[in-house]
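Protein chains: 2
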Amino acid sequence: MSPAENQPNGVERAPIVETVDEEELYGPSQELLQNVKAALQEADIPQVEALIEPLHPADVADLIEHLGPEERRLFLEITKHVIEAETISHLEDTLREEVVDQMRPEELAEVVSELDSDDAVEILENLDEERQQQVLDVIPQEDRAALEEGLTFPEDSAGRLMQRELVAVPLHWNVGQAIDYLRNTQDLPDDFYSLYVVDRLNKPVGSVALSRAIRSPRDANLSDIMETEVRLVPADMDQEAVAYMFRQYALISAPVVDTGGKLIGVVTVDDVVRVIDEEAEEDLLNIVGVGDTDFHDPAHKTAFRRIQWLVVTLINTLIASVVISRFEGTIGQYPSLAVLMPITAAMGGNAGVQVITVTVRALATKEITANSNVWRIISKELLVGFMNACIFAAILGTLGALWFGHIELGFVLGGAMIFNMVWAGFAGTVIPLAMDRLGFDPATGAGPFLTTTTDCLGFFSFLGLATLFLR
Amino acid sequence: MSPAENQPNGVERAPIVETVDEEELYGPSQELLQNVKAALQEADIPQVEALIEPLHPADVADLIEHLGPEERRLFLEITKHVIEAETISHLEDTLREEVVDQMRPEELAEVVSELDSDDAVEILENLDEERQQQVLDVIPQEDRAALEEGLTFPEDSAGRLMQRELVAVPLHWNVGQAIDYLRNTQDLPDDFYSLYVVDRLNKPVGSVALSRAIRSPRDANLSDIMETEVRLVPADMDQEAVAYMFRQYALISAPVVDTGGKLIGVVTVDDVVRVIDEEAEEDLLNIVGVGDTDFHDPAHKTAFRRIQWLVVTLINTLIASVVISRFEGTIGQYPSLAVLMPITAAMGGNAGVQVITVTVRALATKEITANSNVWRIISKELLVGFMNACIFAAILGTLGALWFGHIELGFVLGGAMIFNMVWAGFAGTVIPLAMDRLGFDPATGAGPFLTTTTDCLGFFSFLGLATLFLR
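Taken in sequence, the protein lines are chains A and B. According to this note's numbering, the first sequence holds residues 301 to 771 in order. According to this note's numbering, the second sequence holds residues 301 to 771 in order.
Calculated directly from the structure, the hints in this document are not laboratory data. Treat the numbers as computed from the prediction; the structure is a model and nothing was measured. Accuracy of the hints is not assured; some may be wrong.
As the list makes no split between identical chains, a pair holds if one copy fits it or if it spans any two.
[As the list claims (entries may be wrong)] List of simulated lysine to aspartate or glutamate pairs, EDC-like, C-alpha gap at most 20 Å: (1) Lys666 with Asp359; (2) Lys666 with Asp570; (3) Lys503 with Glu318; (4) Lys666 with Glu708; (5) Lys666 with Glu581; (6) Lys562 with Glu527; (7) Lys562 with Asp538; (8) Lys666 with Glu430; (9) Lys666 with Glu442; (10) Lys601 with Glu386; (11) Lys503 with Asp524; (12) Lys601 with Asp570; (13) Lys666 with Glu578; (14) Lys562 with Asp359; (15) Lys337 with Glu371; (16) Lys601 with Asp321; (17) Lys666 with Glu579; (18) Lys666 with Asp519; (19) Lys666 with Glu392; (20) Lys601 with Asp419; (21) Lys666 with Asp577; (22) Lys562 with Asp321; (23) Lys666 with Glu582; (24) Lys562 with Glu318.
Construct the complete structure from the given sequences, taking the supplied hints into account.
Following this line, the structure appears as C-alpha cells:
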C-alpha cells in the first residue's frame, strides 16, 4: 500500500516525505537562484510564482536575501499578493524594514493579522509611532487590543516573546471534556504542546502535556493528571532569563502571567531558540567590538557602527605611545628594543583576551555567580597565566639573548613577559567580574580596557626593565 | 475552590505552581549553598537528602558544580543512592567524567539504563573501550543492542543526538486506534510531540502533530490528516545541519532514518538547543583561540590548551620583529617612529578581527553561501575599511604631525593607516571565505593568520614610508 493510494479521492500525488540532503540544506540552491533571476529578468510572473510555490516561508525569505537590491524590489513587486506573512517575518531586520516600508498600512495590517501575536508585535515595534497607529487603526478591534497591550511590555521581555494564542482549560474538567472542547473549537493556535489548567480567576494551577492528555482515559480529572510543578514566567522577565529557564529545564513551552498572576500568553521553544542564538552572537560581537552585524546594512552604517570600538583602540594605542615616548632616549640608544617591544604587549593582550572570553562565557552560562566560584576562577587563571608566562619567558628570553647576543636583554624580555602574562590572567578575570557586579554587560568594553592595560604594562615593564638594567 | 481541594483523597498540599523570580533563577541560591555545605560538614545525610529532594536534576547538577572539590566528593558519596541519573547527565563534561570514574560498572549500567538513549550514549562514548564493554556487559540484552548501535554513528551526528524512544503508528489506522494504542501501551517515551506514520517497511510516510491528533474525530484516517511534508534526517547528518534545520523551520522534533530509509529515532528540540549553544560558543572560543573551555579542568590542562594559540601569537610577533629589525637604522635615527609604530598595526589588527568575526558569523548563519553574496561582502568590507581608514588617517596624521612637529611624519602615518585598514577589510573577508571553501573551519586560525599580516604590513608600511620620505 503506497501513500498515494490513501489520498482522499484517490488523486495520485508524489510523496513529499523526503530525506534531507545536507548539501542542499543551506540557502537557496544555485539552480533555484538562477531560475528565479532569469524569470525576474523576463518579468515572467507565473514562472516566479511557480518557483516559490513549493518553498517554506523561511526558504523564500532566504531566497530574497540572496537577490541583489534591484532584483529584490522586482521580486517583491511581483509576489506582493502571493507572498506569505510568515515570509516577511522571517526576513533579516534590515530587509524586513525595507519591505515593510514599501507597504500601505492596509496591506501591512493584513500581514500583521495573519501572524501569531509575537511575530506581529515584532513587526509593529519597529515602525515609527505614526505609521504604527495607522496600521493599528485598520486592524479589527479584538486583535488590536492584544497587539497594543503586547507593545506595552518592555523590549526583550517575555511579554514581547510570548504569543497570546494558547489553550486554557478549567480545573474542574476531565480529559474527555477537554478533548471535546479541542475538537469543537475553531479558534485555537496551529500548534500547541500543553493544556494550561486555570482556576476561575484565570490563574494557572497546573499544566497537562498533550502526550499525557492523549494517553489518559476520558474520565480522568485534569486536576489528577496535571503537573503542578509549573514555572510561571512574569511578562516583564528578561528574554535572557527565559532562555536560561528553557535550557535548564528542557522546556518546550512555558505559561506567561501578568502582575496579577493571570495567564496571558505562552512562550514556545522556537522563539527561545532565536533568543539563544542572538545572545551567543551578541557576546561574540561585543568582545570584538562589532556590536551588531547586519549583513544587509549599507556600508556607511556599518562603518559608523564599527568606529566606536576603533576609537577605543586608538585611545588605547595612543596611551601606549605615550608610555613608549617616555623611553625614547633608551630606544635611541638600543634600537633593538623597538624590535622586541611589541612581543610582550602582544602576548599579554592575547592571553588576556583568552581569559576574558572564558570568564564572559562562564558568567553567561552561570558557571560563576555572585554566590560562588569567583575566587576559584581568579586563582586558577593566575596560575594558568604564571605557568604559561614561565614557558614563554624561557623561550623568548633565550631567543632574544641569542638574536642580539646580549644576555641581559634576554632577562629583561623574560621578566617583562612573566609580569605581563600574570597581569593578563588577573585582569582578564577581574575586569569582567567587576563589570558584571556593577551591572554592566561584561562582554562589552572588557576587551579594550584589558588590552590598554596589557599594552601599557607590556611596553612599560619591558622598556622600564631595559632602562634599569641595560644602562 | 483552591487547587488543594482538588487533590485526590483531599490531602492538602502547598501548590508548587509559582511565578519565577529572575533573581533566584540562576544557579543555587546563597542560602541553599550554605545549608548544603553546613550539612556536609556535619555529615548530616538526611539533611542533605532533604535539601536536594525538591530540586530539578539540572539544579542539583548546578549545585554540585558550585561545591569545592572536597565537598563534591563528600556530596556524591552521601547521595550516591538517591541521586538521579538525569543529574549526572546534566553535569559539565569534566565533572561528569569525575563522577562516572568513581562508579562501579553495575552502578553505571543502572544510570545508563534509566536515561533516554541519547543521554546514555553520551555517557558511554566518553568511557575508554574496556570500561565501556564492562558497562555494556551488565546491561540487559534488549537495551544493549540499541546502545551499541548508537555508538556506531559518527560523533556529532544526528544518530548520536537522537533518542530511540518514539511513537510510530501504521498508515492504515484512524485516530481512535492511535489514541487507544497510546492509552494501552506502557512503554512509550515520557514526552512526545508527534505520531510518526510509517508504512509496512517502517519507512515514515507522514507525521501527525499531537495537537492535530487530539483535535481530530476518532474516525478520521491518519492518512488523511497527516502532514506529508516531512523532512527526514539521515542518521549520519552533522548536528550543525540538524540545528540549522530546526531553526529554519521552527521544528520541535524530527524523525531520523537509517540508510535504508527506515525510522530509527527522533531528534527533539531540547537536544538541538544544546547544539546551538555549543556551536555559537565554539565560534567565539575559536576566534580568540581558547578552543574549548572547561571551567572545571585543572589549571595545567587549561594552560596547555591555550599554549597552542599563544605559540602562534609568538611566531606572529617574531615575524613582525624581523620586519621591524630591517628598519633598525631608521629607528635609531628617529626614535619617535618607535613611539608611533604600534598604532598602525593595532588599528589594522582590530579592524581585521571585526571583519573576520562578521564573516565567520555570516558563514555560520548561511547568509553567505558558495552560491552567492561572496562578492557583495568583499566589496562592502573594502568600502567600510576605506571609509574608516580615511577618517583615522586624517585624525592620526594630524595628531602625529602636531605631537612631533613634523608634517611628513603625519603623512607617513596617515598613508600607512589607509593601506593597512583597507588590507584588513580585504583579508578579513577573504581569509575565512578561502578557509571555508577549502573545507577548514573558518573561525579557527583565521584570527592569527590575519593579525600576522596586519602587524607585518602595519610596521612595514609605516617604517617603509618613513624610510622613503623622512630621509
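Here is how each hint holds up against the structure:
no. : hint               : verdict
1   : Lys666 with Asp359 : between (35 Å within a copy, 12 Å between copies)
2   : Lys666 with Asp570 : between (22 Å within a copy, 19 Å between copies)
3   : Lys503 with Glu318 : between (43 Å within a copy, 11 Å between copies)
4   : Lys666 with Glu708 : neither (46 Å within a copy, 53 Å between copies)
5   : Lys666 with Glu581 : both (17 Å within a copy, 14 Å between copies)
6   : Lys562 with Glu527 : within (18 Å within a copy, 35 Å between copies)
7   : Lys562 with Asp538 : within (18 Å within a copy, 43 Å between copies)
8   : Lys666 with Glu430 : neither (41 Å within a copy, 35 Å between copies)
9   : Lys666 with Glu442 : neither (41 Å within a copy, 39 Å between copies)
10  : Lys601 with Glu386 : neither (27 Å within a copy, 48 Å between copies)
11  : Lys503 with Asp524 : within (18 Å within a copy, 37 Å between copies)
12  : Lys601 with Asp570 : neither (30 Å within a copy, 37 Å between copies)
13  : Lys666 with Glu578 : both (17 Å within a copy, 15 Å between copies)
14  : Lys562 with Asp359 : neither (37 Å within a copy, 27 Å between copies)
15  : Lys337 with Glu371 : within (7 Å within a copy, 65 Å between copies)
16  : Lys601 with Asp321 : neither (37 Å within a copy, 39 Å between copies)
17  : Lys666 with Glu579 : both (14 Å within a copy, 18 Å between copies)
18  : Lys666 with Asp519 : neither (44 Å within a copy, 50 Å between copies)
19  : Lys666 with Glu392 : between (30 Å within a copy, 12 Å between copies)
20  : Lys601 with Asp419 : neither (26 Å within a copy, 46 Å between copies)
21  : Lys666 with Asp577 : both (17 Å within a copy, 14 Å between copies)
22  : Lys562 with Asp321 : between (46 Å within a copy, 16 Å between copies)
23  : Lys666 with Glu582 : both (16 Å within a copy, 17 Å between copies)
24  : Lys562 with Glu318 : between (43 Å within a copy, 12 Å between copies)
Comparing the model with each numbered hint stated earlier shows that hints 4, 8, 9, 10, 12, 14, 16, 18 and 20 do not hold.
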